[in-house]
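K.L.:
Can you join these two chains into the complex? Each is in its own frame, and there are hints to help.
If you read the sequences in order, they're chains L and H.
Using the numbering used here, the first residue of the first sequence is number 1, and each one after it goes up by one.
Using the numbering used here, the first residue of the second sequence is number 378, and each one after it goes up by one.
None of these hints come from the bench; they were simulated from the model.
Heads up, some of the hints might be wrong.
What the hints assert, rightly or not - Derived DSSO-like pairs (lysine-lysine); straight-line CA-CA distance at most 30 Å: (1) L:K3 x L:K192; (2) L:K31 x L:K19; (3) L:K53 x H:K537; (4) L:K23 x L:K171; (5) H:K394 x L:K19; (6) L:K137 x L:K19; (7) L:K50 x H:K609; (8) L:K304 x H:K504; (9) H:K770 x H:K548; (10) L:K161 x L:K19; (11) L:K304 x L:K323; (12) H:K537 x H:K390; (13) L:K50 x H:K770; (14) L:K161 x L:K171; (15) H:K770 x L:K12; (16) L:K250 x L:K288; (17) L:K143 x L:K12; (18) H:K770 x L:K23; (19) L:K50 x H:K390; (20) H:K609 x H:K394; (21) H:K607 x L:K288; (22) L:K50 x H:K700; (23) L:K171 x L:K154; (24) H:K609 x L:K143; (25) L:K161 x L:K3; (26) L:K288 x L:K372; (27) L:K3 x L:K122; (28) L:K122 x L:K88; (29) H:K770 x H:K545; (30) H:K770 x H:K542; (31) L:K50 x L:K154; (32) H:K770 x H:K609; (33) L:K143 x L:K154.
Said to hold, decoys possible - Away from chain H, derived, C-beta distances all over 12 Å, residues of chain L: (34) G28; (35) H41; (36) D44; (37) L68; (38) A150; (39) I167; (40) L189.
Every residue gets a Cβ at the ideal spot worked out from N, C-alpha and C, and that includes glycine.
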Amino acid sequence: MSKLYSVSALFKTPDEIMKAAAKVADAGYEKYDVNTPYPVHGMDGAMQLKSSKMGYYTIAIGLTFMSLMLYFMYWIYNVDYPQIIGGKPQFPLPALVPIMFEITILTGAVLTVAIMIIFYFKFPNNSHPLHDSSYMKAVSSDKFGLVIEAVDSKFDLESVKSFLSSIGAYKIDEIYFDEEEVNNKNRILEPKFVVGMFLIAGFTSMSVYLHMNKALYLPPFDWMLVQHKVTAQDHSDFFKNGISSREPVKGTVAQGFMPYLYSEDPDGASQNLVNPYPADEENITLGKRKYLTYCSPCHGDLAKGDSRLRGQFPNGPTLHSDKIKSWTDGRIYHVISEGQNVMPGYKKTVTKKERWAIVNYVRTLQRALDAKEEDMQ
Amino acid sequence: MSNHDTQINYVRKDLPKGFLYYGLPLLVIGLVAAFIAYDVDPIRASFNNLISLLLIISVGLGAIFLVALEHIVGAVWSVPFRRIAEHQGYIFLVTPLLALPVLFHMHDMYHWTHAEAVLNDPILYQKAPYLNESFFFARSIGIFVIMSIFLFMFARNSRKQDETKNQKLSKFNAVLSAPFMIIFAISITMIAIDYAMSLEPHWFSTIFGVYYFAGTFATAMAILTLITLKLKSNGNLLEEINSNHYYSMGGLMFAFTAFWMYMAFSQYMLIWYANIPEETFWFLPRMENGWEYLSIGLVFIKFIIPFGLLLNRSSKLNPSRLKLAAFWIIGAHIYDMYWLVMPTYNHVSDTHGPVFGWIELGFVALSAGIILTVYYLAANKKNHIPIGDPKLKRALDFHI
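Next comes chain H alone, as it looks inside the complex (with noise of 0.2 Å):
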């Protein structure tokens, strides 16, 4: 099948104002909050910079898994939506800005920065040739611009297909999808123990990337279908984009809702069965103090009711109804985040019990912000739809 010559004959190329109508604003209540937090509380601000950084984290490189994945499975439904993805890629550029404040007060949130500290302790000495200050700064640049090349890549083999045409270059991005796949899978899981686990450094969980990996991919699936269904009723995207494609992103995002439940319970079960001080204390502090209704809550929020909002069939075809999904599974991210973070808070700061204020909406404001903003300023003006793809026509013809 040649259909690589199929001309597209109508894309819309600016993108929704509200985009920007909301994105700046937020951009800016965002930033003002997290300064007069600064300001204020540095610590809780820091912990909360955090949060926001996983959630970033998550949205921007969870992309460009999404773009690799598809090439490396020469998946044809979601060709339509692989610039999108490229796109939101580009957010992913920003971590480094979120996370410049966390490591200027590492020493506040990670016990195993203290050189003192680890001397005095048997566990930290033993682990120390990884986690240490001048590794830890290694590993973060290394990921970040390792990850940068890859998204440059695949973004600007996609866009140069666009105009050349040309076949070869979806071959050359799936070869280059393949050690992408493997770099990454290492990526992802150091960043969720340098940044999350080992906020609390004596603890240790085999799975614990996997564990962020699962809510990443759905928060980047969830992030994706906001923008495609926003994209599509402003027209962006072509006429041929219908329910049979939205039909699979749900079905995605319920199958990584599934596989995050799958993985934070075998993390659980597993400790809670050995019973060993050594791994239940990291459970303990988010069982008092009223983090049990938030561990019990954690169970609803992101597990059993996304998995029945996205269940029913009809669910997955019905835009506003997978709209309503997708936002309450970035929501859930974020509490899960949240709940990851903010116990070692309390450890930190001699406070009891979850906190929640102006500056926890403050940094939820400014992640949106950069969301919005960011995409708005990667994708204005540019098409919206890999139009040299050969895989295209096929796509658009895709049926259920």
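Only chain L is shown next, with the shape it has when bound in the complex (with noise of 0.2 Å):
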């Protein structure tokens, strides 16, 4: 003989359930469930249901996986490889932000029902006494039933069984476990369980290191992979340095590449250097668009050092000053090339050419806050 799990009723209309499962509160039965085949409105008061605590265990579940999350994001910009990116703060918490929330909804509802599953289900068991008995055929298709559990304190075959023939059900079934049901624990702690998970979980690293370090790099798998040529920055046991790159010969220059021949040296530059662009209306087009990138910034708009950093930066001084003003062509050239105190050279980013447009729109702009009495007729 099994052991009982319940006894079913199953009844025709959803008033017929709510009435019966009323009743079957107020008879004070606790270990009972309701199946229907469509949810049914004012079910859980009929049942004097208390309201579910699971969104609090979601919420925690959500929030401790939020605050891990954070800690790794910390750790990596921190810790593990410390970068400025973007000029971003080294901790970019608005940039964060997203990543926590979807963190936080991911693992609150994954989780939630992956725990549930695990407590309620007894995964990985897949068996239920309800299942494959003529009851929930009943309940899945057109009927509304009603078990009351073996378990329940007030259980009592003979009573149960009259009391829900009292209260309407047309049809009162005894459900049995099957025989492997009957000892059923939860088998997620069983030996035989978790070490076949370590074993899955062990294989299948295992293959993917295999197949990621090893398998690519054997012939005729590596498709070239492998070739027997130095790469750049590669170890090379052949030069003396142990760096495969060889560094050019000291004067090299590069093709359409023009050396800049005064870098240490302003005064030669003062005094060498001759702007080889003449002041027309292209050239001022094309230094008044790169001054705006590149030096208005800190010197302004009009060169007045009326910088936009907001402090954050020293302000850059003033062109109009005499100083500057009495400078030679060659002089300005060089400092935009090379910098000066905190001000960096732009060599790089801005072309020979551009630089010299500049050169043309700052005398451009000195001229025109400082006219002459002939510029006005």
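P.N.:
See below:
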């Protein structure tokens, strides 16, 4: 004789099941459940269910993983690979908020469902006494069912049966456990299952490791991955310093590139360099565009030294001082190329022609703010 | 289901006296404060007037939107409150009175109204085809007229249905609300851009209209909730209305609290991340001179606290907790409008940091007085329930 799981009762209409559930709840049964083919409004009230505490668990899980994620990102940004990206602070919190939000939702939802499957459905077990019963077939098509479990403290087979028939059930059955379900425990902690899981995890990681690190490099699968040539920034046993790349011969010049000869010699630049480009409209327009891009943040749109950096960086000086007016074009070109004090050199970002164009534009600005009498005519 | 012949037995029509006992004194105090404020400090007064205007538009226009929303989606649970939303929509009709003083002081508030400044400013010059005074007035008047016509048509059909029980009127309102939705979306974006965003005409944020709409929806819903709870306790509504109906109101307030945060954060994060001066300069004044505390406070007041107040299921079922949340959301909307508008006042009047005093309180009192008084005038001695609506019986049986 197998073990009794519950007594089931079938009803024909939603109204009947609502009244029956209310009566079962009033009679003081606690371990009972209702199965209907579709959600019936008001059933939680009729069954006198308390509101579920599941939401609290979900938010606790979500917030836990959110904190872990926050710590993980902190570790990435500040400990493992500290690097400034895009001028952002070392710990760019606003950029991390979307990730934290999504981790909260994802872990909260997925883990709640997973934990419920483990605890209530007793995963990896996949059977339940109600499965494959005529009761389940009826309630999953068009009938409304109610079961009172044998573990209920008030359970007594005969009295439950007579009680169910008194509240209008048209079919009453006893439901027994299957043989293997009698001693059904949470098998997730069984050694066999745990070891199996570990074996699967170990096999998966090992095969991925072998595939990515060994198999790919075996002929004929290497697909020309391994070649007998020296690649850039590779180690070399041939050269003494151990670096595969060779440095170019001293004095090498790239094609189309003219080295700047006065790097350490501002006076030489001042005396020897002459502006090769005329101050015509094309050059001044180009100079204006480049000036507004590279120079104006510190020196101001009109070169008056009115920085728009709001004090976050030292203000650039005005370019209308007598000192700078008295400089030759070559000297201004030198400062643009090499920088001066906190100003960096711009020869890597601004081409030679553009630098001369900026010189022309600065001259134009100086003339514009200090116009002479003949300019007015 | 033909429920349209269900008779509504008893509806008490006179509103609770509290509307007038609180509304009239608040209105008088607010008006006196406003007149004195315009005499003492016209610029500050007009900025506060703008806050009141944005709040009243939220309450009134938001209510019209709620009516149209119910029609277009065929919502059932909200049918008993639709008449309250219609009456609340009449509050929109006083917006011209609030807008006029703002428009008289436009030159002190809106930089783009200065023609000579626009000529010398390439950005404003490019924006001039949209941001010019005549088109501004045309937009404002157009929005007001079109929205008022929609309000009158919704309300008239609904009132007519009380007597004739004609089901076709419901269908007609549903058809009417489809074009309304499109025009409303354009209108509220224009209101947000014209009145709030163009205070800093060089700044632009494409999400700004949605930002204002999120606050609008939550505020209109909060006012509707408060009026419903008051009328229910006074016996103006039917016995059948209970927590099942309140639950959805709380749910919508909760949803749009979260939606507001989504919009506000999207706007902030994109601008923070791109970090280009054309956009960040709008946030910079809100991060110095004491505004930084208000900016952080906005996150708590407008999002975290109401989110916590409404997160729990029981808080949406319990009228007294719902009332607290609704009051909080309205206060948070005023706070939000203050945060949007007042940094420009600093800029215009050469002051530093947030200002708060009797002028601000006076205009809040004025807004509250307008809401209570206009609602009383619109709704007293009228039916508070659309008794002719075919969905009413189903709505009363509604269960979450």
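K.L.:
Looking at the structure, which of the earlier hints fail to hold?
P.N.:
Violated: hints 3, 5, 16, 19, 21, 24, 28, 35 and 36.
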